[in-house]
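Trainee: Given next are the chains, with one letter for each unit.
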Amino acid sequence: MKNNEMTAPLAVKAKKKIDRQLLGLLIFVIAMMVVMSFLSDSFLSVSNLTNVFRQSVFIMLLGFGMTFVLTTGGIDLSVGVMLALSGGMSGWLLSMNVNIVPAVIAGVLVGLLVGAGNGLMITKLRITPFIATLATMSIGRGVMYVWTNSIPFRNYMVGGFRFIGQGDIFGLQFPIVIAIVAFVILQFVYRCTAFGRHVTAYGSNEESARVSGINTDKLLIKVYALSGLMAAIAGITLASRLETVHPEMGKGYELDAIAAAIIGGTSLSGGKGTLVGTVLGAFIIYLISNALNLLNVDPDWETIVKGIIILIVVAVEFLSHRNKKE
Amino acid sequence: MKKQENAHTKKFDELGILIVMIALFVFLAIASPFFLKVENIQNLLLQSVFVMLVGFGMTFVLTIGGIDLSVGSILGYSGAVTGMVIAAGGGVFPAILAGLGTGAGFGIINGLLITQLKIAPFLVTFAMSSVVRGILLLSTTNGAVSGFAVPEFTYLAQGYIAGLPIPVFITIIVFVILLFLFKFTSFGRNVTAIGSNREVAFLSGVSCGKITVGVYMLSGLLAALSGVLLAARLTAVQSEMGSGYEMDAIAAAVIGGTSMAGGKGSIVGAIIGAVILGMISNGLDLLSVNQFYRQIIVGAIIIIAVALERFTSRKAQRV
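Quick mapping for you: the protein sequence lines, in order, are chains V and B.
So that you can map any letter, position 6 of the first sequence is 6 in our numbering, and since no number is skipped, the others follow by simple counting.
So that you can map any letter, position 179 of the second sequence is 179 in our numbering, and since no number is skipped, the others follow by simple counting.
Treat each hint with caution, since some may be false.
To be verified - Stretches of chain V that chain B covers, calculated by requiring three or more beta carbons in the stretch to come under 8 angstroms of a beta carbon on chain B:
hint : region
1    : 122-129
2    : 211-217
As the list claims (entries may be wrong) - A few chain V residues that face chain B, going by a derived Cβ cut-off under 10 angstroms, partial list only:
hint : residue
3    : 247
4    : 252
5    : 262
Claimed, not checked - Cβ-Cβ distance ranges computed for the label pairs, FRET-style:
hint : chain 1 : residue 1 : chain 2 : residue 2 : range
6    : V       : 312       : B       : 160       : 44 to 50 angstroms
7    : V       : 292       : B       : 22        : 49 to 55 angstroms
8    : B       : 173       : V       : 150       : 35 to 41 angstroms
9    : B       : 268       : V       : 213       : 57 to 63 angstroms
10   : V       : 163       : B       : 116       : 41 to 47 angstroms
Just so you know, these hints were derived from the structure itself, not from any lab.
The C-beta atom is built at its ideal place from N, Cα and C for all residues, glycine as well.
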C-alpha cells in the first residue's frame with residue numbers, strides 16, 4: 001500500500017514526460033509534412049502516406065516486441081534474424097507443398113522458440129541480454145546461409161499465403177490490419193494486465209520486483225518469447241509480401257526497431273515504455289527515408305541520418321533528465 | 001577480495017583456452033595433411049592478425065566495462081581513406097597516417113559521446129557503426145575504392161621479414177607495446193580499476209573521462225591499423241569491408257578470458273582467441289565445409305565462453 005503511494009507520483013511524472021515526448025513527435029511529423037509539401041508534390045498524398053505506413057509496419061511489429069524488452073531494461077539484437085528464420089521456415093515448408101496453416105504455425109513457433117531460447121540464456125546462464133542476443137544473431141544468420149545455401153527461397157506463393165502480405169480488408173492492406181490488431185492487443189497487455197505491470201516494475205527496479213514475489217525468470221523468458229513472436233509475425237508477412245526469402249532478410253532491422261522504440265520515448269535503461277510512441281517512431285523513420293527519397297538524396301545517407309537521429313534522441317533524453325535533477 | 005578472485009580465475013582461463021587451442025591444432029594436423037604445411041601456417045597467422053589487432057583494442061574496451069561495435073565500420077573506412085589518399089597521389093606514408101588518424105578520430109568521438117553525454121557505450125558505437133558504414137557506402141557509390149596498389153603499399157601486406165608476413169611482424173610489435181601498456185603503466189592499471197569499480201576509481205582520483213576517451217581512441221586506432229593492412233592485402237576496398245569484425249573481435253577477447261562485465265582482461269588471451277577463430281575458418285576450408293558454419297560456431301563459442309566465465313566467477317565468489 002505504502003509502496004503504491006510512493007510510486008504513484010513517479011508513474012504520473014513518467015506518463016507526463018511520455019505525453020510531452022509524443023506531443024513533440026507529432027509536432028515533428030506535422031512540421032515535416034508542411035515543409036515537404038512545399039518541396040515535393042507527391043509527398044502529401046494519401047497514397048504516399050499509406051505507402052509509408054505500410055512500409056513501416058514490419059519495423060513497427062518488431063518495435064512492439066522491442067518496447068517490452070527495453071522496458072525490462074534488456075535489449076534484443078536478434079529480431080532481424082528471428083524475422084528471417086520465421087519467414088524462411090514458412091516459405092520453405094510452403095515450397096515443399098505443406099498446407100498454409102501448418103506452414104504459418106511452424107514459422108510462428110520458430111520465432112517463439114528462438115525468443116524463448118534468448119530468455120533462457122539470459123535468465124539461466126546469466127548472460128547479459130546484449131551478448132546473448134548478439135550471439136543468437138550471429139548463429140541465426142549463419143543458419144540462414146547454410147539452410148538456403150545462399151540461394152533465396154522462392155516459388156512458395158499460394159493464394160492464401162499471398163493474402164497475408166498483399167491482401168486487402170475493407171480497403172486496408174492486410175499488413176496494416178495485422179499491425180493495428182497487434183497494437184490493440186499489446187497495448188491492452190502492456191497497460192491493463194499483471195504481465196505488463198510486472199514488465200514495467202522489473203525494469204524500474206529488478207531487485208524490488210523479485211522481492212515482491214514476481215517470478216522474474218519466467219517473466220523475462222516470456223518477454224523475449226514475445227519479441228520472437230512479433231518478429232515471426234513480421235517475418236511471415238514480409239515473406240508473403242516479397243515472395244522470396246533472402247538469407248540476408250531483416251539484416252539491420254534490429255537497429256531500426258530499437259530506433260523506433262526510443263524515438264517514441266521508450267527508455268533504454270528500462271522501466272518506461274510506450275507502444276503509441278513506437279508506432280510514431282517507426283512511422284517517422286520511414287517518413288524520413290521517404291522524404292530523402294523524394295528529394296533524390298543518395299539512399300546511403302539514410303544510414304547516417306538514422307544513426308545521428310538515434311544519438312540526438314538519446315542525448316536529449318539524458319540532457320532533460322539532468323536538467324530536471326539540477 | 002575482488003583482486004584475489006581475478007588472479008585466481010585469470011590463470012585458469014588462459015591455461016584452459018591454451019589447451020583448447022592445442023587440441024584444435026592437433027585435431028586439424030591429424031584431420032588434414034595440408035594443415036602443417038609452412039604456407040598454410042603462414043596463411044593462418046596472416047588471416048588471424050586482422051581480427052587480433054581489433055581484438056587487442058576490444059580487450060581494453062571490455063576491460064573498462066564498455067563495448068565497441070563500430071570497429072568493423074571504422075576498419076573499412078580507414079582502409080578506404082588510406083586507399084583514396086594514395087590513389088589521389090598523396091604518398092604512402094601520409095596516406096597511412098590519414099587512415100590511422102581517421103580511426104583514432106572516430107574513436108575519440110565515441111569516447112566523448114560516451115563520457116560527455118553519458119550515452120550507453122553499445123548504443124553510441126552501434127549508431128557510430130551505422131554512421132561510418134554510411135560514409136563508406138557514400139565514398140564507394142561509384143564502385144570499390146581501388147587504384148592504390150602501388151608496390152610500396154602492397155609490400156606492407158605481402159612482404160616478409162625473417163620468414164614472417166609483415167602484418168604478423170607488425171602485430172607482434174603492437175602486442176609487445178600493448179602488453180606493456182596494459183600491465184606496467186598507470187593507464188593500464190586505471191583501465192582495470194575503472195572496469196572493476198568505477199565509483200572507487202573515481203574517488204581515488206582516476207580521471208575516468210580521459211582514460212575512457214583514450215581507450216576508445218586506442219580501439220579506433222587499432223581497427224584503423226587493421227583496416228590499412230587489410231586494404232594493402234586486398235588491393236581494393238569494398239563497401240562491406242570489415243563488416244562483422246566487431247563480432248569476431250569480441251569473440252577473440254571473450255574466448256581469451258576478458259570479462260564482458262569489465263575489470264578483467266588479457267591481451268595474451270586475445271591472441272589465443274583470434275588464433276582459435278582463425279583455425280576454425282582455416283579448418284573449415286581445409287575440410288571443405290561451408291564457410292557459413294563459421295558464424296554459427298563463433299556465436300556458439302561466445303555463449304559458451306561467457307557462460308563459463310559467469311559460472312567460474314560465481315563459484316569463486318561463493319568460496
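Trainee: Given the hint of 49 to 55 angstroms, is the C-beta distance from residue 292 of chain V to residue 22 of chain B inside that range or not?
Mentor: This hint holds: roughly 53 angstroms between Cβ atoms.
Trainee: How does the Cβ-Cβ distance of residue 312 of chain V and residue 160 of chain B compare with 44 to 50 angstroms: does it lie in that range?
Mentor: The hinted range 44 to 50 angstroms holds for residue 312 of chain V and residue 160 of chain B, with Cβ atoms some 49 angstroms apart.
Trainee: Tell me if residue 247 of chain V is really an interface residue toward chain B, meaning its C-beta lies closer than 10 angstroms to one of theirs.
Mentor: At 8 angstroms from the nearest chain B Cβ, residue 247 of chain V passes the 10 angstroms test, so the hint holds.
Trainee: Does the Cβ pair residue 173 of chain B, residue 150 of chain V satisfy 35 to 41 angstroms?
Mentor: 39 angstroms, holds
Trainee: Take a look at whether the Cβ-Cβ distance between residue 163 of chain V and residue 116 of chain B falls inside 41 to 47 angstroms.
Mentor: Once the Cβ atoms are compared, 52 angstroms apart, the range 41 to 47 angstroms for residue 116 of chain B and residue 163 of chain V is violated.
Trainee: Can you take a look at whether the region 211-217 of chain V is actually covered by chain B? Rule is 3+ residues, C-beta closer than 8 angstroms.
Mentor: Our answer is that it is violated, as 0 residues pass the Cβ test (under 8 angstroms) against chain B, missing three.
Trainee: Do the beta carbons of residue 268 of chain B and residue 213 of chain V sit within 57 to 63 angstroms of each other?
Mentor: Violated: the Cβ-Cβ distance is about 46 angstroms, outside 57 to 63 angstroms.
Trainee: Per the CB criterion, is residue 262 of chain V less than 10 angstroms away from chain B?
Mentor: At 9 angstroms from the nearest chain B Cβ, residue 262 of chain V passes the 10 angstroms test, so the hint holds.
Trainee: How does the coverage statement for the region 122-129 of chain V fare against chain B, requiring three or more residues with Cβ below 8 angstroms from a Cβ of that chain?
Mentor: It holds, with 4 qualifying residues against the three required.
Trainee: Min Cβ distance, residue 252 of chain V to chain B: is it shorter than 10 angstroms?
Mentor: 8 angstroms, holds
The structure shown violates the earlier hints numbered 2, 9, 10.
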